[in-house]
Structures are given as structure tokens and as C-alpha cells.
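Student: This is what each chain is made of:
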Amino acid sequence: MPDAPGYYAQGPEALIVNLAARGDRDAFAELVRRRQPWLRNLMRRLSGDATLADDLAQRVFLKVWQKIRKLRQADRFAGWIKQIAVNEWIDHRRKQGTAWHEAYEDEAQAAPAQTPAAAIDLDAALATLSDPVRTCIVLAYHERLSHPEITELTGLPAGTVKSHIRRGSQKLRDALEAYGGAS
Amino acid sequence: MSEERDPTLESLFAAAEEPLQDAAFTESVTDEITGRRRRLIFSRFGVLGMILVLEVLLQSPLQQSLGVAADWLGRPLIPLEGEWLSFALSPVNTAAGILGAVLLGVHLFLRSVLK
Chain A
39 MPDAPGYYAQ GPEALIVNLA ARGDRDAFAE LVRRRQPWLR NLMRRLSGDA
89 TLADDLAQRV FLKVWQKIRK LRQADRFAGW IKQIAVNEWI DHRRKQGTAW
139 HEAYEDEAQA APAQTPAAAI DLDAALATLS DPVRTCIVLA YHERLSHPEI
189 TELTGLPAGT VKSHIRRGSQ KLRDALEAYG GAS
Chain B
4 MSEERDPTLE SLFAAAEEPL QDAAFTESVT DEITGRRRRL IFSRFGVLGM
54 ILVLEVLLQS PLQQSLGVAA DWLGRPLIPL EGEWLSFALS PVNTAAGILG
104 AVLLGVHLFL RSVLK
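Line by line, the protein sequences give chains A and B. Each residue of the first sequence is one higher than the one before, starting from 39 at the first, in the working numbering. Each residue of the second sequence is one higher than the one before, starting from 4 at the first, in the working numbering.
So that you can see chain B by itself, here it is in the shape it has in the complex (with noise of 0.2 Å):
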């Protein structure tokens, strides 16, 4: 493969090379990193804030959400006689259970579709 260049094209690059050497360019380049660098800084802090907020205003609603939630879908869905009965069918008999095989049935199903 031939790579030759033209030389006029060649000496007219070379002379348009100009001496582009400035302090300022380098100085504002420095200076974007640093703000860049504090606004970092600043924005971690004001997230880590914002969870500690929420953290404390959410606290005890948070808690009784997660308390409901895991009642309910510890529930059987028919309520069976015997403790030890109810306990071996708790994972077709519960909304966990049914929430975890359609899950599994979704994952399974994109996995042979995708593949």
C-alpha cells in the first residue's frame, strides 16, 4: 500500500502550525479540575446529608412498611389446619412463593429466548 504524502500539502500543514504555547490555557484547565474537584466534594456531601434526612424523617414509616409488607407475603394464601402442614406448602402457599416462581418462570423464559 502506498503511504506517500504530498509535499506542498506537507509544507503547507507544517506552516500552519502556529506556536501555541500559553500559560492561561493550562492555568484554566488546572482551575476546571479543581472546581470540578469541590463540586464533587460538595455534591457527596449534600447526597450523604439528604440520606441522613430521609434516614431520620423515614425512619419509623420505613420500618412499618417493611414490617407490612413482609406479613403479607409471608401469609398463606389458603389457610390450612395443621403448623406443620401449612409450613411444608409455604412455598406454593404464600405470595412469596407465587411472586418467586413467576420470577423464576420470567428468568427462565428470557433466558431460552435470548439465548
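Just chain A, same shape as in the assembly (with noise of 0.2 Å):
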């Protein structure tokens, strides 16, 4: 027999899912060795840190290994797991007592260590948008997702997903030629 890691990477993802909704750990390894490199840019680029976003994208993986029984489609693990992680982040900063819909506008955070400078600059601009705007850049840029993709993950009015897709643009614009990032 081959050995399990081995023979997991070379499995298609489907097939990976439904042994992990089995159980089976060495699968469930593979999942997360798959989908990190994603799952920790797209936390890093909502959270602009990239301790806590390690932290957070841990937090997603353990959801999914609780509730991935309950995964009816396996060809549909990338949405759900999506739809989990952005539920994660809205609900850390939650719990950190800034209000979802509220802005703090102009607030800028300091850039990570040890990163690209294309992701510092990023990551700093990203830090002057609202938790909502910034979501939605997140979700439009990094993701590639519809208007109607993002009002479905993040639950907000899909006139204001568009509304802070627009302004959030020209935002980060205006901030990247600030910092010379984007000439």
C-alpha cells in the first residue's frame, strides 16, 4: 500500500473531501496543505497581520474539520470554505467590539514583517479602508468574486457592495500613490 501523504497529494479534491467528511485525518492534512498558501493570503489581506492571520485561517480549518460532515457536495468545499473564512473574519472583529458596518476611516496600521514590499504597500493602503469596504476590496480583488457573489458571503446590500467596491477603489488608489505603490 502507498503511503497515505503520498498518495492523497496526487488524489483530485473531491475525492480528498469526502474522506475527510469520513474521518480520515491524513486526508484532512492534505486539505489544509492544499488550501493554506489561499487561505493565509486572503487573511492576511483582510486583517493586514500576518500573525493573526494565521491565527484566524487555524481558527477556519478546525471549523471545517467539525462541520465537514455536513458537506453535502464535495465539488462545492471551495465556496463553502469561503463562505466559513469570511464568516471567521467578520465574526473576529466582532468579538473585538468594532461594529461590522461601522468605518474607521484613515486608520492606518503597521505593516508586517517579512513580506513582500507589494504586500506591505497593499496590506498599509488596505489598512486605511472600513472592515466592510475592505472585505469587499478583499473579495472582488484577491478573490475575483462577483458583485452578487460577495452580497451572498458577507451579507450586505448589494447596492452598498457596489458602493464600497467604488469608493474603496479610488480609496486604495489614492493611498498606493501615496506610498508610491501603485505608479
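A hint or two may mislead.
Claimed, not checked - Derived contacts from chain A toward chain B, CB cut-off under 7 Å, selection only:
#1 A67
#2 N79
#3 Q96
#4 W103
#5 Y179
#6 H185
#7 S207
Stated by the list, open to error - Only pairs whose alpha carbons sit at most 25 Å apart, straight line, appear in this in silico SDA-like list of lysine to any residue:
#8 A:K209 with B:E6
#9 A:K108 with B:I44
#10 A:K200 with B:A17
#11 A:K101 with A:P50
#12 A:K105 with B:R42
What the hints assert, rightly or not - Now the stretches of chain B that chain A is said to cover, found in silico as 3 or more residues with beta-carbon under 8 Å:
#13 41-49
#14 61-68
#15 80-86
Think of the hints as simulated: they come from the structure by calculation, not from any bench. Built from N, CA and C at the ideal position, the CB exists for glycine as well.
Now that you have both chains on their own, put them together as the hints suggest.
Tutor: Okay, structure coming up:
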């Protein structure tokens, strides 16, 4: 019998998801291995903090493990984990005492260390946006989601999503010009 | 609805993507799952043990308390002479009957208010 990690590395994701849903921990470890770069990058763009992003990503994977048995269609795993990730981010901000719909504009945060210059500029510029605006922008540009998909993921009204992306893009361009990142 | 994306921002987001393939991260997630499972098993054994201890310690006092409560709930509020008459009026002449009527009234009231 081939060694489990090597065997799983070659399998299609739907199969790995089904195995993980049956309690196969090696299959779940393979899912974590495959999805962690995407999820950690998403959380870094949303939070602007590498340590917090990894913590949030770990929490997302733990929730995935707890709930994966309830996932009916394995081929919907990508959208399903994305929903869990966005919910985790929104819950985290709410627990921090930041009302999800409240804006804290122009509040610059420290850029994370040991990251590419583009990521530093981008994360610093993203930090100037309010939570909902930043979330909409990240989902639109990092995840390349459509407005209706963002509406469904965040629970924000369609008009609000459209306005957040339009105004957020402009503000992000202005902020990046100030940093000299989008010339 | 136009959903055109700014190409400059798109390229910046793409450039900011980091190759975060990290075996230590995967290991920390799987270790946490193992740890949680272990804690869950221990806590279940703990609860089971506590139930068994309480069962042994409280078996006699619990049975006595239940007996006293059942006796009190079934006792006629107004002593009646005839056995059959006492039995027939027991739904309204016992603490249990009155308690049941009060609970039924509260339930009907709440249902009508919340409807």
C-alpha cells in the first residue's frame, strides 16, 4: 500500500474532501496543505497582520474539520470554506468590538514585517479602509468574486457592495499613490 | 451592473500573493485537532465519572426527596370522606392538579400573546 500522504497528494480534491468527511485525518491534512497558501493570503489581506491571519486561518480549518461531515456536495468545498473564512473574519471583528457596519477610515496600521514590498504597501493601504469596504475590495480583487457573490458571502446589500468597491478602489489608489506603490 | 476591475489594483493584489506553503502550519492544525479530540474524550470520561459518583452518593436522598414530593403533590388539599369522591375530584383537589392547571393557563396565555 502506498504511503498515505503521497497517495492523497495525487487525488482530486472532491475525493479528498469525501475522505476527510468520513474522518480520515490524513485526507484532512492534505486539504490543509493544499488550501493553506490561499487561505493565509486571504486572511493577510483582510487583517493586515500575518500572525493574526495565521491564527484565523487555523480557526477556519478547525471549523472545517468540525463541520465537514455536513457538507453534502464535495465539489462545493471551495465556496463552502470561503464562506467559513469570511464569517470567521466578520466574527473576529465583531468580538474585537468593531461594529461590522461601522467605518474606521484613515486608521493606518503597522505594516507586517518579512513580507514582500508589494504586500506591505497593499496591506498598509488596505488598513486605511473600513472593515466592510476592505472586505469587499479583498473579495473582489483577491478572490475575483462578482458583486452578487460578495453580497451573498458578506450579507451586505447589493448596492452597498457596489458602492464599497467603487469608493474603496478609488481610496486604495489614492493611498497607494501616497505610498508610491501604484505608479 | 458593471464589474470592471482596476488593472493596477489587480496586478498589485497578484504581486502581494505570497508562497505560503508551510509544513509547520499544517502540523499545527492537525496537532490542535488531536489535542481537542483528546480533551473531549477526557471531559466525557470526567462527566461520566461525576455522574457515577453522584449516583452513588445521592441515590438514597434523591429517592427520598422524590417520594416526599410525589406524596405532597398527590395529597388532597381538602380532605374528603368518600374514597371514590376523593379520587374523582383529585384533578382539582391536589397540589399536582392545581399546579397542572396553572401551567396550562400560563402556556395558553403565552401562546395567545405570542401568536
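Student: Taking the hints in turn, state whether each one holds.
Tutor: Going down the list of hints, with the structure as the test:
| no. | hint | in the structure |
| --- | --- | --- |
| 1 | A67 | 5 Å, holds |
| 2 | N79 | 6 Å, holds |
| 3 | Q96 | 6 Å, holds |
| 4 | W103 | 6 Å, holds |
| 5 | Y179 | 4 Å, holds |
| 6 | H185 | 6 Å, holds |
| 7 | S207 | 5 Å, holds |
| 8 | A:K209 with B:E6 | 17 Å, holds |
| 9 | A:K108 with B:I44 | 22 Å, holds |
| 10 | A:K200 with B:A17 | 22 Å, holds |
| 11 | A:K101 with A:P50 | 22 Å, holds |
| 12 | A:K105 with B:R42 | 18 Å, holds |
| 13 | 41-49 | violated (count 0) |
| 14 | 61-68 | violated (count 0) |
| 15 | 80-86 | violated (count 0) |
Comparing the model with each earlier hint shows violations of hints 13, 14 and 15; every other hint is respected.
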